[in-house]
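*Asks:* Taken in sequence, the protein lines are chains A and B.
Numbering of the first sequence is given in full-length UniProt numbering, commencing with residue 1 and proceeding in unit increments.
Numbering of the second sequence is given in full-length UniProt numbering, commencing with residue 1 and proceeding in unit increments.
To be clear, the hints were calculated from the coordinates, so they are not data collected in a lab.
Quantities reported herein were computed from a predicted structural model and do not represent experimental measurements.
Beta carbons: idealized from backbone N, C-alpha and C, even for Gly.
Treat the hints with care, as some may be off.
What the hints assert, rightly or not - Derived EDC-like pairs (lysine to aspartate or glutamate); straight-line CA-CA distance at most 20 Å:
| id | chain 1 | residue 1 | chain 2 | residue 2 |
| --- | --- | --- | --- | --- |
| 1 | A | K196 | A | E124 |
| 2 | A | K196 | A | D292 |
| 3 | B | K4 | A | D50 |
| 4 | A | K4 | B | E77 |
| 5 | B | K254 | A | E13 |
| 6 | A | K254 | B | D134 |
| 7 | B | K193 | B | D183 |
| 8 | A | K98 | A | E137 |
| 9 | A | K61 | B | E77 |
| 10 | A | K381 | B | D307 |
| 11 | B | K381 | B | E361 |
| 12 | B | K98 | A | D393 |
| 13 | B | K4 | A | E62 |
| 14 | A | K4 | B | D312 |
| 15 | B | K387 | A | D134 |
| 16 | B | K4 | A | D393 |
| 17 | B | K61 | A | D71 |
| 18 | B | K4 | A | D27 |
| 19 | A | K254 | A | E234 |
| 20 | A | K98 | B | E356 |
| 21 | B | K387 | B | E336 |
| 22 | A | K387 | B | E262 |
| 23 | A | K254 | B | E77 |
| 24 | A | K387 | B | D307 |
| 25 | A | K4 | B | D50 |
| 26 | B | K98 | A | D312 |
| 27 | B | K381 | A | E13 |
| 28 | B | K98 | A | E13 |
| 29 | B | K4 | A | E295 |
| 30 | B | K384 | B | E361 |
| 31 | A | K61 | B | D307 |
To be verified - Some, not all, of what chain B presents toward chain A, calculated at C-beta under 10 Å:
| id | residue |
| --- | --- |
| 32 | T6 |
| 33 | A70 |
| 34 | Y91 |
| 35 | R104 |
| 36 | E145 |
| 37 | R163 |
| 38 | I225 |
| 39 | S227 |
| 40 | V228 |
There are 2 protein chains.
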Amino acid sequence: MADKVTPISGFQEWLPAERIVEQHFLDTLRAVFELHGFASVNTRAVETVDRLAGNGEDADKEIYGVRRLADAGGQAEFGLHFDLTVPFARYVLENAGKLNFPFRRYQIQPAWRGERPQRLRYREFTQADIDIVDVGELPFHYEVELPLAVADAFSRLPVPAFRIHVNNRKIPEGFYRGLGISDVTAVLRIVDKLDKLPAAAVGSMLVEAGLTAAQAEQCLALAQINSVDDGFVERVRVLGVTHPTLDEGLAQLKAVMDAAAEHAPGLLFADLMIARGLDYYTGTVYEIRLLDQPEGTPSVGGGGRYDALASDGKRTYPGVGISIGVSRLLGLLIGEQGLTASRETPVCVLVAVTDEQTRPESMRVAAALRARGIPTLVAPKAAKFGKQIQFADRRGIPFVWFPAAAGVGTPGEGAAGEGAAGEGAAGESSDQVKAASGAQTGDQVKDIRTGEQVPADRATWLPADPTDLHPTLSPKRQ
Amino acid sequence: MADKVTPISGFQEWLPAERIVEQHFLDTLRAVFELHGFASVNTRAVETVDRLAGNGEDADKEIYGVRRLADAGGQAEFGLHFDLTVPFARYVLENAGKLNFPFRRYQIQPAWRGERPQRLRYREFTQADIDIVDVGELPFHYEVELPLAVADAFSRLPVPAFRIHVNNRKIPEGFYRGLGISDVTAVLRIVDKLDKLPAAAVGSMLVEAGLTAAQAEQCLALAQINSVDDGFVERVRVLGVTHPTLDEGLAQLKAVMDAAAEHAPGLLFADLMIARGLDYYTGTVYEIRLLDQPEGTPSVGGGGRYDALASDGKRTYPGVGISIGVSRLLGLLIGEQGLTASRETPVCVLVAVTDEQTRPESMRVAAALRARGIPTLVAPKAAKFGKQIQFADRRGIPFVWFPAAAGVGTPGEGAAGEGAAGEGAAGESSDQVKAASGAQTGDQVKDIRTGEQVPADRATWLPADPTDLHPTLSPKRQ
């Protein structure tokens, strides 16, 4: 298979050090979701085309169909899922009799959309979703709880400054009704354009749609209200509109903001302009936005409360969920900002090989260290020790272990401080290492960053700094 | 989306408790691979059809093509990968300038084949691969090392008795050449039928292919040699055939077996009948077999040494790899043998809610426990305590926490031992729980399996048995 290889646009892959960053993000999301009581679900990559089509707003044309190459002609039976909500809804219906409700699940998997790749928009992308679904009715308090789990996860990750913008659908709905507007969705759809058009233009569209100038003005005024706390309530009240649904929406959003003030201070932002999935959400809606990013940086997650995730005709499954765009977040952090790992390999210790005859002894050292949880590698060749140190240095492996080998001199302190130097220096120092043998006969370990080399017991040794055991994140590209 | 849902044949999905088993397997494989110095690589799900086609023996017709539904007509440009070797080879070529060789990677991902689903053979299946690739040349010792990593991983998992069967291609090749046979591959291909046909039938086929009866007999005799240690060497020598390639093969297989005797006693099995990937492997070959399983149970992994994983025309990348069929293993253990988890949720503690007004206090308890790594859930409703205990019991959650709530009686010892009982009893005991309040005002925690209820401090409490913190594997279906 000798041929040229070029990346496929919209399909992001990471180098090993970058992948360690991705793993750290996925591990942290998983750990926090589990701390908050979500169980893992993993669904197949494909759904029937029938199920996929019609379930995503304008997504039909982006669905990747899947069909055996051998089955030429005809229609694709399957498609790759374009989100994790459609497969989860199907999973809930398929396993309803075996799940305990309310059912809390997290799901971290790739999804695929055949759209034109753009900055931070991929054709294959990893999503991390949490949802709570119940049968028939879902208590409101889950709408309070859900964003706290996301805030908890993000607060443990090296993400840039962010805020979770929150609104409640009942606020514009009740407000519009209080103003005497009947077609709530049509008005929402126009007001939703405020993030792209100036307020005056949106106001004109509202008037064209049949609102009075006063109604239009009120709608725009509502959408422009936001606050870091529950201050939005008073600002809505000042507009003088009353309706029971408005009252309910304000009380619910206030409950979300009050809980956030205690459990995730500063991370939630009441923003009455947030709409999202107009045909879908019925209560609280969320949108995760990064602050201080370049113009056009998309949101890195969102979700909301929906009254019907799925229905089997007899029962309806309402829920609330948030989806985090992991690929988008990592595309920004790794791809654009250079976030990387302290090393490109899990290896903490490289065990040197004195000569090929004593490789079994080096393997014994490695087995002893691994048995105590220390990622360990045996050197590929019985090269000069300087070369072996260089091998570790190139990969960011912090420690090189020199086994005591009968009849073979162990490297002494003479080489300390030189092993981690550049190629030439390492090559030179290897002779010194071999020359400075004999004084000690036990195992020794060298921290190649400092050059410090000390006697060590393979049965008890651990890195002095426990963070050396595994790669850590590093904000700068190396 | 009200409709009937039926599973898709060949696409296995797990229920939450089963998924916990799967996660345990994937976590253990990953942890052990990292201990052995392998770095994680994750590749996109698709490759170009050109790259996939012609790279898998007879796999072409099983490839799933991927094309946007909107792009009707024409040929699929992409296909889903059918293993992790083809994408890894492409990744190595694409990133050769950025990788440090020898490069050790593990890759745990799904793959897809459009074959007819059978027992333990799926259309979507998860593989866990480890490979070591180098540029130009790859030292033999990696062939010794690689199966030890797999043996280490399996020895930490609740897999049934297994053995890694090992052979070396140089043994039959050298042996055949020593017998004067020139078309080695043709003979190998016939001898490989020994696992399906009786020896006499295979012998006849060898004679039909041009071998003398004596040559055929020797070939069959060689293939039937196996040993748990290096005893195979003597048994081959007794056959009286000599050739330098045979010597090399015997020495290499002996080195593999000797290392295994030390690091993985009893887990490797020298088996001179193992062939695998006839056009592909050039040295050691591996096949992981479960013992004492029903007839027809396929191997759960395999691999070997290959001289050209990939080539860019100038450089060739030899390697050695083993692939573990995770879905197959779990299909057997979970699907057929009922391996499951001790509970269906990560939750260790359910925090009871005394009434909806004090839900914020229950959320505070949950936050305090989560901050110390204890997966915690707040009860969905301020139902009678008996109902809340029942909620935990149904999900296997071991502990229920009763927050001290100002003005609300905390449950006393009177209810101990009754909470975990059946529905009726739990309903009754809830009244007793409420009645027995007042004596204590601090938080209390109940182990609902024993009924024991004790005062507890949310800032310091941990389960007495640390294994209660997370679900554990359970051999019996619950």
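*Asks:* Taking the hints in turn, state whether each one holds.
*Replies:* Structure-based check of each hint:
| no. | hint | verdict |
| --- | --- | --- |
| 1 | A:K196 <-> A:E124 | violated (27 Å) |
| 2 | A:K196 <-> A:D292 | holds (18 Å) |
| 3 | B:K4 <-> A:D50 | holds (12 Å) |
| 4 | A:K4 <-> B:E77 | holds (16 Å) |
| 5 | B:K254 <-> A:E13 | violated (40 Å) |
| 6 | A:K254 <-> B:D134 | violated (60 Å) |
| 7 | B:K193 <-> B:D183 | holds (17 Å) |
| 8 | A:K98 <-> A:E137 | holds (19 Å) |
| 9 | A:K61 <-> B:E77 | holds (17 Å) |
| 10 | A:K381 <-> B:D307 | holds (19 Å) |
| 11 | B:K381 <-> B:E361 | holds (14 Å) |
| 12 | B:K98 <-> A:D393 | holds (15 Å) |
| 13 | B:K4 <-> A:E62 | violated (25 Å) |
| 14 | A:K4 <-> B:D312 | holds (7 Å) |
| 15 | B:K387 <-> A:D134 | holds (17 Å) |
| 16 | B:K4 <-> A:D393 | violated (58 Å) |
| 17 | B:K61 <-> A:D71 | holds (9 Å) |
| 18 | B:K4 <-> A:D27 | violated (35 Å) |
| 19 | A:K254 <-> A:E234 | holds (11 Å) |
| 20 | A:K98 <-> B:E356 | violated (29 Å) |
| 21 | B:K387 <-> B:E336 | violated (34 Å) |
| 22 | A:K387 <-> B:E262 | violated (29 Å) |
| 23 | A:K254 <-> B:E77 | violated (51 Å) |
| 24 | A:K387 <-> B:D307 | violated (25 Å) |
| 25 | A:K4 <-> B:D50 | holds (12 Å) |
| 26 | B:K98 <-> A:D312 | violated (52 Å) |
| 27 | B:K381 <-> A:E13 | violated (44 Å) |
| 28 | B:K98 <-> A:E13 | holds (13 Å) |
| 29 | B:K4 <-> A:E295 | violated (45 Å) |
| 30 | B:K384 <-> B:E361 | holds (17 Å) |
| 31 | A:K61 <-> B:D307 | violated (44 Å) |
| 32 | T6 | holds (8 Å) |
| 33 | A70 | holds (4 Å) |
| 34 | Y91 | holds (7 Å) |
| 35 | R104 | holds (8 Å) |
| 36 | E145 | holds (7 Å) |
| 37 | R163 | violated (20 Å) |
| 38 | I225 | violated (25 Å) |
| 39 | S227 | violated (20 Å) |
| 40 | V228 | violated (20 Å) |
The structure fails to meet hints 1, 5, 6, 13, 16, 18, 20, 21, 22, 23, 24, 26, 27, 29, 31, 37, 38, 39, 40 from the earlier list, while all remaining hints are met.
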